[in-house]
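Take a look at the letters that make up each chain.
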Amino acid sequence: MRKIDQTYQISKLLTRIENGEEFDVSELLVSDRQPFVMGLTGPPGTGKSTIISKLAKRLSEQKKKVAIIANDPTSKLSKGSLLGDRIRMDELWNLDNVYIRSVPSRGRKGGLNYFVVEMIYAFYMFGYSYIFVETTGVGQDEVEIADVADLVINVSVPYLGDEVQSIKAGLNEVTDIYVINKIDLGNYEIYAKYLYLAIKKNKWGWEPKIVGVSALKEKNLDELIKLIEDYRPFYRKKLKETVLRRFSFMVASRLEYIVDSKIEQTSMESLMADYIKNKSLNETIKKLISDAL
Amino acid sequence: MSPTKRIKVLIAKPGLDGHDRGAKVLARSLMEAGFDVIYTGIRQTPEKIVKTAIQEDVDVIGLSVLSGAHMYHFKEVMRLLKKYGIKDKLVIGGGIIPESDKKKLEKLGVAAVFGPGTDIKEIVDFIKNRVRAN
Amino acid sequence: MNDFEKEYEKWYTEKVLKNPIPERGDFYTSSGIKVKTVYIPSDVKGSYFEKLGLPGAFPFTRGIHPTMYRSRLWTIREFSGLGDAFMTNRRLKYLIEHGETGLSIAFDYPTLLGIDSDDPLARGEIGKAGVAISTLEDMRTMLDGINLAEISTSMTINGPAAMLWGFYIVVGEINGVSPAVLRGTIQNDILKEYMAQKSFIFPPEPSLKLVIDTFEFGSKYLPQWNPISISGYHIREAGATAVQELAFTLANGLTYVEEAVKRGLDVDDFAPRLSFFFDSSMDFLEEIAKFRAARRIWAKEMKSRFNPKKERSLWLRFHTQTSGASLTAQQPENNIIRTTIEALAAVLGGTQSLHTNSYDEAFGLPTEKAAMIALRTQEIIAYESNVTNNVDPLGGSYYLEWLTDKMEEEVYSYFDRIDSMGGVLEGIKKGFFQKEIADSAYRLQKEIEEGKRALIGVNLYRIDEEPDIKVLKIPEYVETRQIKRVKEYKKNRDMSTVESSLNRLRQKANEENLMPYIIEAIKNRATLGEIVNALKEVWGEYVEPIVI
Chain L
140 MRKIDQTYQI
150 SKLLTRIENG
160 EEFDVSELLV
170 SDRQPFVMGL
180 TGPPGTGKST
190 IISKLAKRLS
200 EQKKKVAIIA
210 NDPTSKLSKG
220 SLLGDRIRMD
230 ELWNLDNVYI
240 RSVPSRGRKG
250 GLNYFVVEMI
260 YAFYMFGYSY
270 IFVETTGVGQ
280 DEVEIADVAD
290 LVINVSVPYL
300 GDEVQSIKAG
310 LNEVTDIYVI
320 NKIDLGNYEI
330 YAKYLYLAIK
340 KNKWGWEPKI
350 VGVSALKEKN
360 LDELIKLIED
370 YRPFYRKKLK
380 ETVLRRFSFM
390 VASRLEYIVD
400 SKIEQTSMES
410 LMADYIKNKS
420 LNETIKKLIS
430 DAL
Chain Z
3 MSPTKRIKVL
13 IAKPGLDGHD
23 RGAKVLARSL
33 MEAGFDVIYT
43 GIRQTPEKIV
53 KTAIQEDVDV
63 IGLSVLSGAH
73 MYHFKEVMRL
83 LKKYGIKDKL
93 VIGGGIIPES
103 DKKKLEKLGV
113 AAVFGPGTDI
123 KEIVDFIKNR
133 VRAN
Chain Y
63 MNDFEKEYEK
73 WYTEKVLKNP
83 IPERGDFYTS
93 SGIKVKTVYI
103 PSDVKGSYFE
113 KLGLPGAFPF
123 TRGIHPTMYR
133 SRLWTIREFS
143 GLGDAFMTNR
153 RLKYLIEHGE
163 TGLSIAFDYP
173 TLLGIDSDDP
183 LARGEIGKAG
193 VAISTLEDMR
203 TMLDGINLAE
213 ISTSMTINGP
223 AAMLWGFYIV
233 VGEINGVSPA
243 VLRGTIQNDI
253 LKEYMAQKSF
263 IFPPEPSLKL
273 VIDTFEFGSK
283 YLPQWNPISI
293 SGYHIREAGA
303 TAVQELAFTL
313 ANGLTYVEEA
323 VKRGLDVDDF
333 APRLSFFFDS
343 SMDFLEEIAK
353 FRAARRIWAK
363 EMKSRFNPKK
373 ERSLWLRFHT
383 QTSGASLTAQ
393 QPENNIIRTT
403 IEALAAVLGG
413 TQSLHTNSYD
423 EAFGLPTEKA
433 AMIALRTQEI
443 IAYESNVTNN
453 VDPLGGSYYL
463 EWLTDKMEEE
473 VYSYFDRIDS
483 MGGVLEGIKK
493 GFFQKEIADS
503 AYRLQKEIEE
513 GKRALIGVNL
523 YRIDEEPDIK
533 VLKIPEYVET
543 RQIKRVKEYK
553 KNRDMSTVES
563 SLNRLRQKAN
573 EENLMPYIIE
583 AIKNRATLGE
593 IVNALKEVWG
603 EYVEPIVI
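Protein chains in written order, with the numbering used here: chain L, 140 to 432; chain Z, 3 to 136; chain Y, 63 to 610.
Honestly, the hints are just simulated from the structure, not real lab data.
Please note that a few of the clues may not be correct.
As the list claims (entries may be wrong) - List time: in silico PhoX-like cross-link candidates among lysine-lysine, alpha-carbon distance up to 20 Å:
id : chain 1 : residue 1 : chain 2 : residue 2
1  : L       : Lys401    : Z       : Lys50
2  : Y       : Lys552    : Y       : Lys585
3  : Y       : Lys96     : Y       : Lys514
4  : L       : Lys356    : Y       : Lys585
5  : Z       : Lys7      : L       : Lys142
6  : L       : Lys356    : Y       : Lys514
7  : Y       : Lys553    : Y       : Lys585
What the hints assert, rightly or not - If we take Cβ atoms under 8 Å as the criterion, some of the chain Y residues that face chain Z in the derived model are:
id : residue
8  : Ile158
9  : Gly186
10 : Gln392
11 : Gln507
All values reported here derive from a predicted model rather than from experimental measurement.
Virtual Cβ for every residue (Gly too), placed ideally from N, Cα, C.
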């Protein structure tokens, strides 16, 4: 089979998954072998895509198969999305062992598409064992990335205002590595100190690390790679829990998908009429959901 | 928020010219029309455009060329799609493209060529109709 | 409230509001400036001499020369450049035979990006949008039989401007013409490439360094050459409003001057040779106001920031091209009228030279007939309309003066925003200008589609017709011939001298003025692509932030 034909196959599978078709991952979930999923989160413009690009390139040079799932925000009004992350990963386009797929967040508040976990396993089924998941960076609940990834990397830059600097609620509970990017553009040490105060050791004994890099100029990337390597033993320790979390993400987001789709197709007027008649919102919802299933 | 399938479009500028005004306006307008849009930026090679289109499984490839080199780049894109056996992409084009070339491009399998002054709505409707028909 | 204002209020309530036929709505300029029913003396603030003065006197609002077109008409400069060096040479000679004294050369995309014709990336693009020049031999062929001591040559080249200039200088030397007598312009305005036209090669900082190298070199050895044409044209064509065009262009201009002064150049050694290049589009009076505001802001800023001794250093000299983006593919003959209005605005705005577009440019390269009409448009304005009879004939119009002030005010508000983000380079890297331009382009498109902005033949009085337009095509053999020529050129030379001169270029890239090293490499038969690639190795290539 030509390489391009396999790409085409994966591509079509991902589309089916994205459109809500069921994809059986039961065997993959119980297997001892799991993909290594790195989740990158942080505000737009901090350089998540560039960092992924550089890391993916190195992994690809080591003959690893790498997949990147880049989530982009969906417009609330038009429901369309501009998927712009892959432009910043230009150096990867012709690498046979790297696959980039842009997916819209469809407005999910965690900044991840409903079916990110299924996509991860689809890639893994095709031999992609290193997987990057990039969040939109604009969600209100970005801790969700921790349900999907083995390793959470939080990206920030030294020069943004305080507002952006303060880590989003709860993110410090799940971050494993803090990357301060674009260190050539500003003094990052003060900021690093501030971050240091927010660090919490996780229950597996991993103490989150802080590293300053300039992804574009490939400065300090080796240090980041070393931190990721150091982290690997801890990832194995929590693998069972991670798989459970992925499963819970699958359950929750599939449910959301079913509800969202149903609501989209349902006329609110008739739903309200139903509620006014039987006076129980639970009853109305029960009907709606059983109908959807 | 809508979970249902959206039409996915790749807007690309093959070749060396940097006139991205039309491509950007189109990308934004298609997003506003509810499509999922990937805009690749300038200076794309046909090979890169086709590989991106395959990885992303887009429904539509929109090419914009204003350097006069449209025949070469469009031909290359069509040739590569054929070489890789890809039949499910609607290819459309835009830019400064003379009438006589439009006909040649349509023969190559380019679904439509939109010149300067085209209403974006016309492009949106065209895409919707053709993608649905597929 | 003074008497004028009182009278106006009264008139407005009694006459305008009670007019049996109400106004059709609110009115705006193309930049979105709201326009009143009528303007009166109280709308124009400030003293006459401070704001307008006489032509040829500070702040030059009314013109940089005291007599303007009464002494000398603007230069008619229509550009050419097509196919390979042979084809362009024939075209240039034809133009000279027909009385042109100023040549204007456009290059193809590979040349604009410093890519040799034999590079696979050049495929399909060679000679398409202009002439392909990769080697000294190409430049020699293009200029064969043309006396460089007598002609003035404008080259529309930016990223590799220093290299093409180098080719030109070396050809002059071979033909026995000393650099001191060479006259012409290289566009060399790299900042607007990042903002709008996108033919950049290196990152902004080293690019800017290279531009200043040309300033320095020019001031020493080519005193009659304009080392830059600071261009708003491409910013505007990319979708910017007239206000944005003006603000971004002037900000770029001031950035170049600042950099050059930082280098230690005396402002009077290079500022008199700075030239500008603006767009003229369809909002007739707004365009005229723009040109006038441009002169005034530039003179004021140059004076207050750099305090030059020569008056010439305060002049904003500019070339104008009518707007390509305003042309329509529908009923293309209408474009002749559009171009006429735009050309007239440029003349009433006091331009030093003018390029009028051909009506068929929405289809491809202009045909000879269309190019002739474009030329005649200028001649009719120059010789039949009598608008050249006196200087700044519209000066003193209450509306025009108010609008000139208003444009100035809006430009300064952009200056503040640019300053607050750390200057032009920072703005470029953050995508600020790109975003501003993309937003305007999008807004404009929406306004046209919603019918808020009239475009005859497109959203108003549209007729369905197949335009009967013939277009000029570059024959296929040009590409093959050019590739072969470049390959042959590369065979016949001593690679060790090429390599050693490229090495010197790499070593000196961040240290010295590169012009002498570029010229040396050219003399050692290095090609455009090789010189550019050597510098790419040191400086890297620029990847732009994508802003939609």
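Evaluated hints:
no., hint, result
1, L/Lys401 / Z/Lys50, "violated, 38 Å"
2, Y/Lys552 / Y/Lys585, "holds, 13 Å"
3, Y/Lys96 / Y/Lys514, "holds, 14 Å"
4, L/Lys356 / Y/Lys585, "violated, 34 Å"
5, Z/Lys7 / L/Lys142, "violated, 27 Å"
6, L/Lys356 / Y/Lys514, "violated, 46 Å"
7, Y/Lys553 / Y/Lys585, "holds, 15 Å"
8, Ile158, "violated, 25 Å"
9, Gly186, "holds, 3 Å"
10, Gln392, "holds, 6 Å"
11, Gln507, "holds, 5 Å"
Hint compliance for this structure: hints 1, 4, 5, 6, 8 are not met, and every other hint is.
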